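S.K.: This is what each chain is made of:
Number of protein chains: 2
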Amino acid sequence: MKHVITFTGENINATVKVPTNTLLADAAHIAGIDIGQPCGGQGRCGRCAVQVTDGTVRRRSTLRLSPADIEQGYALACQTVVEGDVAIFVPLQEKIERRLTTDRVVAEVTVPEGYDYLQVQTIRRIHLELTPPSMDDQTDDWSRLQTALRLQHSFIHVSSSLYLFQNLGRVLREGEWKVTAIVDVSNVIRSGEFDQAVRIIDLQPGHLDEFSPLWGTAIDIGTTTVSLWLVDLVTGQVKAQVAEYNGQIARGEDVISRIVYAGKNGGRQDLRQRVLDTMNGILETACKRVKAKPEDVVKVTIAGNSTMMHLLLGIPAESIRLSPFITGVNHLPVMAAHEVGLGAHPEASVDCLPGVASYVGADITAGVLSSGVDIAEDTTLFLDVGTNGEIVLGDRDWLVTCACSAGPAFEGAGVVNGMRATQGAIEEVWINGDTFEPTYRVIGGGKPKGICGSGLISLLSEAFITGILDKGGNVNLLAHSPRVREGAHGGEYVVAWGAETESGEDIVISRVDVDNLLRAKAAIYAGFTVLAETVGISLEAVSRVLVGGSFGKYINVEKAVQIGLLPDMDWSRFEFLGNTSVKGAYLALLDWQKRERITEIAKRMTYIELSADNTFYEAFTSALFLPHTDLGKFPSVEAALQRN
Amino acid sequence: MKHVITFTGENINATVKVPTNTLLADAAHIAGIDIGQPCGGQGRCGRCAVQVTDGTVRRRSTLRLSPADIEQGYALACQTVVEGDVAIFVPLQEKIERRLTTDRVVAEVTVPEGYDYLQVQTIRRIHLELTPPSMDDQTDDWSRLQTALRLQHSFIHVSSSLYLFQNLGRVLREGEWKVTAIVDVSNVIRSGEFDQAVRIIDLQPGHLDEFSPLWGTAIDIGTTTVSLWLVDLVTGQVKAQVAEYNGQIARGEDVISRIVYAGKNGGRQDLRQRVLDTMNGILETACKRVKAKPEDVVKVTIAGNSTMMHLLLGIPAESIRLSPFITGVNHLPVMAAHEVGLGAHPEASVDCLPGVASYVGADITAGVLSSGVDIAEDTTLFLDVGTNGEIVLGDRDWLVTCACSAGPAFEGAGVVNGMRATQGAIEEVWINGDTFEPTYRVIGGGKPKGICGSGLISLLSEAFITGILDKGGNVNLLAHSPRVREGAHGGEYVVAWGAETESGEDIVISRVDVDNLLRAKAAIYAGFTVLAETVGISLEAVSRVLVGGSFGKYINVEKAVQIGLLPDMDWSRFEFLGNTSVKGAYLALLDWQKRERITEIAKRMTYIELSADNTFYEAFTSALFLPHTDLGKFPSVEAALQRN
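One line per chain: the protein sequences are A and B, in this order. Residues in the first sequence are numbered from 19 upward in steps of one, following our numbering. Residues in the second sequence are numbered from 19 upward in steps of one, following our numbering.
Please note that the accuracy of each hint is not assured.
Since the list can't tell identical chains apart, any single copy or any two copies may satisfy a pair.
In silico SDA-like links for lysine to any residue, alpha-carbon gap of 25 Å or less [what the hints assert, rightly or not]: (1) Lys282 with Pro364; (2) Lys311 with Pro231; (3) Lys621 with Trp195; (4) Lys306 with Ser84; (5) Lys257 with Pro130; (6) Lys465 with Ile207; (7) Lys621 with Thr157; (8) Lys621 with Leu148; (9) Lys282 with Gln222.
No lab work stands behind these hints, which were simulated from the structure alone. Just so we're clear, the structure is a prediction, and the values are computed from it rather than from any experiment.
Produce the complete structure using the sequences and hints provided.
M.R.: Structural data, given as structure tokens:
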């Protein structure tokens, strides 16, 4: 029985008749439509996803598709057969890729349900009407304002700043004694006592619309990337998102090299200024998008690892690097933006979220909040792999955490052709299991310059599954391919020939590169196995694995499992949450109770120092294989190997 | 009967025999010793004071001598007769003058009785010993410090600054976990509650000697002069005193012109920087004298009039100048030195004392404290005449205050040959009643350039008493002297001929000058008469008149009464207290209860706005005479006129 298959899409309009159980990929081929299958049609890369808009199909594999994707009709052309007349929409392939890779990660930011600015926000915008002065009432401006705050809003103690005093007289008179004050009521709201001091951030002439935007911003300072969300505190909505590479990168790829640089003459000041420049730059960009000014931003909540927090504030970080690995300060007081050096309103409340230890910082406490590990009913593993790897295991009753010095291999460092995920980086690789020929995607679409983290994971996984690499990470020089060869650093595999690359040199992965990557992934895998052991939990007992960080944003679970970076468990247990740190900062920015929860999280988390423990070293060495010395722990990988 | 009179002194060694009741001045003359008598031997100038080291004399008049002077044997040569053999020490005349003019004013600063640093000082220096970190205890530095503060000193809440965080790690490690903290315990000491927050100002490695100096400074910002006392907070001793002209003078002589300048483009910033430069300059000078550094100063208490306080902090002062004459802020919170811009320790507590109104500032509240008006048992009049005139009347039960816009005439402004009390200024004048020839003293001793405030008061008084000026301030052109003549601005009196002066031009006082001075003195006299009337008190009921400010420092009560600036009452009721403002700041710097008393004083003082009242204008016009339209109010002046 034949079925009518209709293909539509940009510049695509074709119909073919094919029998039941024909692969969509084949039907498309018949229709003259090119649907790329970089992985050779094994359903591993997801690049051939199309949308079934009508009719019945059967999906053999949906590995690369999320439930939401399937809900919307997506199907992998290489893994899906027709069972009747079918209408297919073929998205622009890059668009699909983008959608797939981002869809799993950055959900549209939804305002927390029931967000009530007047209940949970620590910043308030209030109207005041002052008695004008006269010869009979020569009270000073400031007392007059205090009286209005007391009588009209019950705020008994008000603290102010030189900034306010310098602007007070002008604003009161411009507003003809009607003014709008922006106040930080944290102390009152937390204690429920009106005799606690409120702090005036700004005063503006006249009575401004109560519902016009009141700007706040949540910032995550990553070692590599700084992410900023600009938020209207009244509605809670995220109005702009901007990210930029941390300007400190020029002074070191990872936290350790930054700390070393900070210890040099002028280094601390230099690093501080660099990250401030980055932050102020993206703040300005974000503000421009909503036609606001940076000075309109009155509250800033900052997450970031402990080193980033120290460097932002010019606090020496040397003790973080040296045994016994101590931070200067984990819980910072709220400061004013001008003290910190941020280009927001000079008196904006800047809240640097609390960290736990030298290598478990506020990015993790914020991540725990936004991922909800601290209120999870079942045992949850939270994994944040950015430039470093931090792991949290626990539920609403207990939380343990550790950090693994994975190193920046997944950021492309320590790998000869490694690079950061920027223009020209190979970000995904598929290898044909028969020909060993690779297909790759380059960020920005031009000639490749190198391979970034997600590309390396994908390359490692593909090379292993197709047999180019063995379990020990050795290059199989017997493979029938000109791409496999003996190089300066032992066996190597050529991902891109010089003719295709930006530099004209071959882009390869060598034995040494593989070793560095194995050490990085082994550190992370050993981290959560030891953490689980420490509390006597088996990985099987972990009901959910939540992955945050830039890592989770660009790689996929299948390949990460195949190289033994993530544990092999039912993929439905994995959730990729994207930047959980900035999301946690956003939640803390909005809601004082969530902010308190972060403090609680920081207090509750028991930090396990891995380097203090021999168990870790054993787990680490066992994990220095693809995927692991014990393949029994990775049944799905075993099955994949058997398929190939 | 003849007596042996021995004179000694620098280059003086002479003996004469004179009969009983011989004037010392005459005996000296016989001995060939020149003792100047600028006032013609009327006992009014005090320049002829000598010291009786042995023997018996009889003093006819001791007008120009304080009880302490007499105690030390001082006697006016023109007013003292011998009654036996006498030994006389003749001081260098300039030295006497200096001693006399300063002795009345700046008493050696004595530490308040029973000053107990540990009881009343808000700044404490405490020793802490922290548990060193280890792999088993990776608590951050800051938490470790907080724990030590809690366990070793019961301070539960500690606030800190970025400055501390930036230095914390280094200091803890340098001190090998033994450190000395300098903390501001104001909140705890004021409330008596240990759960109030203390603020860490500084942390130093090791355990510093508890009794080594802990530096604080009291500063009075005068419109003309900035005075600074450097104080060891442990002992309470003033270790250095430095004064310098306020660098703002170049931008206006009086507060009004400064406010106007501040309103110009960049003016506010310019004035702020200028006074900061002055303050930081004298702070450095003072610190050098005690071999300390400005950064060692951890507490700063500042007094000054409301305009000076606003300009120091960059707060617009325009509303002070314009009806209804409102300050921006009277009660300022304690700030850190780096916020204010002071070169003390960046985290030093800077306490700007509270003012009452636009023209009754913290210089007056501090003055009331140091003069004790607020605890006086009898009605006391406190008068502070610097560039402006402020008056306080009251006792321990009530306090009223007003300000008179005397203007800067006594600072030399508005007077053609007027100038400030600096090098080259004629600071005292004596006129011979017979010849109308003047004698004058020039600051620094060189050729005169002009006449300063004390010189003008002295000149006015002398000219009036000798008949050169009549009651209305008119120059008596009939006086037989070439010094009296018709000038461009009406009648004038030549104080110094061009041949004697720096410029080669005559230094004169004209009718116009006299009018300006009369207005200034009338404003002040009218001020306290109206203030007294307002509360239904006659001036006779005032038991003490306390005079503070630069005015009281350089002029004498006799001459001030003679021109009708001060009320004519028994001179024993007058006390010249010098700079009561800096003294009040000093007391507040030492003792939190005295500091609280200033706040109480500011609250208790009822400000009377003179310009709102017709009574003032009447009193003012009545006072526009020498000494007053009603000579009956000035019996001593009447008597002096009769003597002449």
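S.K.: Now tell me if each hint is right for this structure.
M.R.: Hints and how they fare:
Proximity of Lys282 and Pro364 under a CA criterion of 25 Å is satisfied inter-copy only: 24 Å between copies versus 30 Å inside one chain copy. In the homo-oligomer, the alpha carbons of Lys311 and Pro231 lie at most 25 Å apart inside one protomer (12 Å), although the nearest pairing across protomers, at 48 Å, exceeds that limit. For a Cα distance limit of 25 Å, the shortest separation of Lys621 from Trp195 across copies, 24 Å, qualifies, whereas the shortest one inside one copy, 46 Å, does not. Taking the shortest Cα distances, Lys306 and Ser84 never come within 25 Å of each other, neither inside one copy (34 Å) nor across copies (73 Å).
In this assembly of identical chains, the alpha carbons of Lys257 and Pro130 lie at most 25 Å apart only when taken from the same copy (15 Å versus 62 Å across copies). Taking identical chains as interchangeable, the C-alpha atoms of Lys465 and Ile207 are never at most 25 Å apart, the minima being 56 Å within one chain and 70 Å between chains. Taking identical chains as interchangeable, the C-alpha atoms of Lys621 and Thr157 lie at most 25 Å apart only when they sit on different chains, with a minimum of 11 Å there against 47 Å within one chain. Taking CA atoms no more than 25 Å apart as the test, Lys621 paired with Leu148 passes between copies only; the shortest distance there is 21 Å, against 44 Å inside one copy.
Taking the closest pair of Cα atoms, Lys282 and Gln222 come within 25 Å of each other only across two copies (23 Å); inside a single copy the shortest separation is 44 Å, beyond that limit.
In this structure, the earlier hints numbered 4 and 6 are contradicted, and the remaining ones agree with it.
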